[in-house]
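Residue numbers (this note's numbering), protein chains in the order written: chain A, 7 to 177; chain B, 76 to 350.
Hints listed in this document are in silico derivations from the structure and should not be mistaken for laboratory results. There's no promise every hint is true.
[As the list claims (entries may be wrong)] Which chain B residues face chain A? A few, computed with CB under 7 Å, are given here:
1) His-189
2) Tyr-191
3) Gly-204
Computed from a predicted model, the values in this text were never measured in an experiment. Note that beta-carbon positions come from the ideal geometry of N, C-alpha and C, so glycine has one too.
Now for the letters of each chain:
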Amino acid sequence: MSRSGIIQVVLFFVYLLVQVLLLRNLVLFNTAFCFLYIAFILLLPIETNSLILMLAGFLLGFTVDIFYDSMGLHALATVMMAYLRNYWLSAITPQGGYENNATATIAANGLQWFLVYSLPLVFLHHLVLFFVEASGFTMFWYTMLKIVASLLFTMSVIVLLQFLTPQRRRI
Amino acid sequence: MERLINFIYEYRAFFTFLFLELLCAWLVIENNQYQSTRYFNSSNQVAAQLLGFSQDVREYFSLRTINEDLARENAELRRDLERARQQLSLPLTDTARINQFDFVSARVVANSTHLYKNFITIDKGARDGVAPGMAVLGDGGAVGKVKSVSERYAVLISLLNVDQQLSGQIKRTNHFGTVRWDGANIMHTNLQFIPRHATPVVGDTIVTSGYSAVFPEGIMIGIVREASLKPEAPFWEIRVELAQDFGRLTFVEVIMSKLKSEKDSLELVTIGEPK
């Protein structure tokens with residue numbers, strides 16, 4: 007396995023531990039949740055094969071589910087996001103295309119691009135997650151409030167973390 | 076055949092996607108069914124130990140409140156003991172009825188309150204005699220039912236779970252209904268199906284009814300905070316403030332009902348399969 011592969015495996019576990027030990031207990035105003043673990047899928051290198059993306063998404067979501075007692079819920083939402091990620095990436099390719107081995111980060115492509123890239127995917131993830139959890143649309147507006155609040159919280163943490171950690175343009 | 080294989084290969088990403096999503100959907104639906112003994116939840120050994128470590132750290136910061144709660148509970152128990160001693164002078168004959176319930180104390184390892192379907196993990200499992208379907212009390216009142224157990228841990232379905240239904244009654248008038256959470260506020264739950272002719276008032280105490288044989292009769296659930304009756308509605312709309320603060324749950328007691336299986340099998344014979 008290459009060096010970057012090993013780094014990704016380590017990152018997988020770091021995201022997982024942070025999510026289940028720390029962020030599981032952190033809920034703002036009873037509505038805003040932080041699902042930082044999906045940043046692992048978002049920030050994988052742009053050329054990552056979509057099969058690997060989905061399998062990683064499934065494993066990640068499934069493990070998070072074990073700790074949240076919500077069998078299949080996070081896995082469902084994360085696999086959905088992982089599947090659509092590459093299509094969305096090619097749809098928003100900047101002029102001249104991506105650089106070789108570029109990562110899908112702010113450092114490589116700029117903040118504006120990153121927001122356009124990640125906001126819809128995170129929103130979709132939360133949409134699927136909360137509506138499947140509520141199993142229907144009976145609490146539509148309350149669920150929407152949770153989705154939007156969590157979207158803001160999760161996105162802020164993902165963006166801030168990228169400014170706080172040293173970034174390389176390629177791994 | 077070759078074309079078919081080529082077709083599948085070409086769209087392998089989509090088929091993998093379909094397969095994984097169907098698998099997840101099946102897991103979600105399967106998990107919604109009520110009682111089960113399962114491996115992939117937080118009663119799993121590794122997951123429970125990790126969560127227990129996380130809880131240990133958190134508990135360290137709330138030792139003072141835990142102490143206060145335990146002291147208060149001690150006092151209440153002592154008072155109850157005294158009352159029981161006085162009652163002992165009365166003639167008692169049916170020992171099965173007297174020893175109907177057995178209590179096992181357990182520590183909360185993990186607890187969620189902000190989801191629609193909240194669960195609680197405790198550190199007592201099949202080894203200590205805990206089994207799915209048993210009732211659980213906190214220091215304030217009813218907490219939930221056991222959903223699944225492993226060797227040393229158990230997962231409870233909390234009262235703060237939109238799938239959880241509990242038979243409750245108004246202590247003053249003995250009218251009974253169904254206690255069910257609406258998913259919104261962790262301090263409040265709802266009492267449904269109280270008929271029009273009942274007269275609930277704000278401040279009434281809601282306790283468990285004992286019709287399910289899971290909970291003993293008269294366990295505190297909460298206090299009525301709002302009661303309204305719409306002109307055409309067949310039932311009251313009652314909002315109940317929960318007696319148990321689910322935000323800081325540290326120790327709970329599992330109730331083992333010795334007569335439950337007897338009552339259930341009798342009802343099964345006479346009434347039929349429960350819904």
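Exercise. Minimum Cβ distance from B:His-189 to chain A below 7 Å?
Worked result: With Cβ-Cβ at 5 Å, under 7 Å, it holds.
Exercise. Is the hint on B:Tyr-191 kept, meaning its closest Cβ partner in chain A is under 7 Å away?
Worked result: holds, 5 Å
Exercise. Per the CB criterion, is B:Gly-204 less than 7 Å away from chain A?
Worked result: The hint is violated - B:Gly-204 has no Cβ within 7 Å of chain A, the shortest such distance being about 22 Å.
Hint violations for this structure: number 3 only, all remaining hints satisfied.
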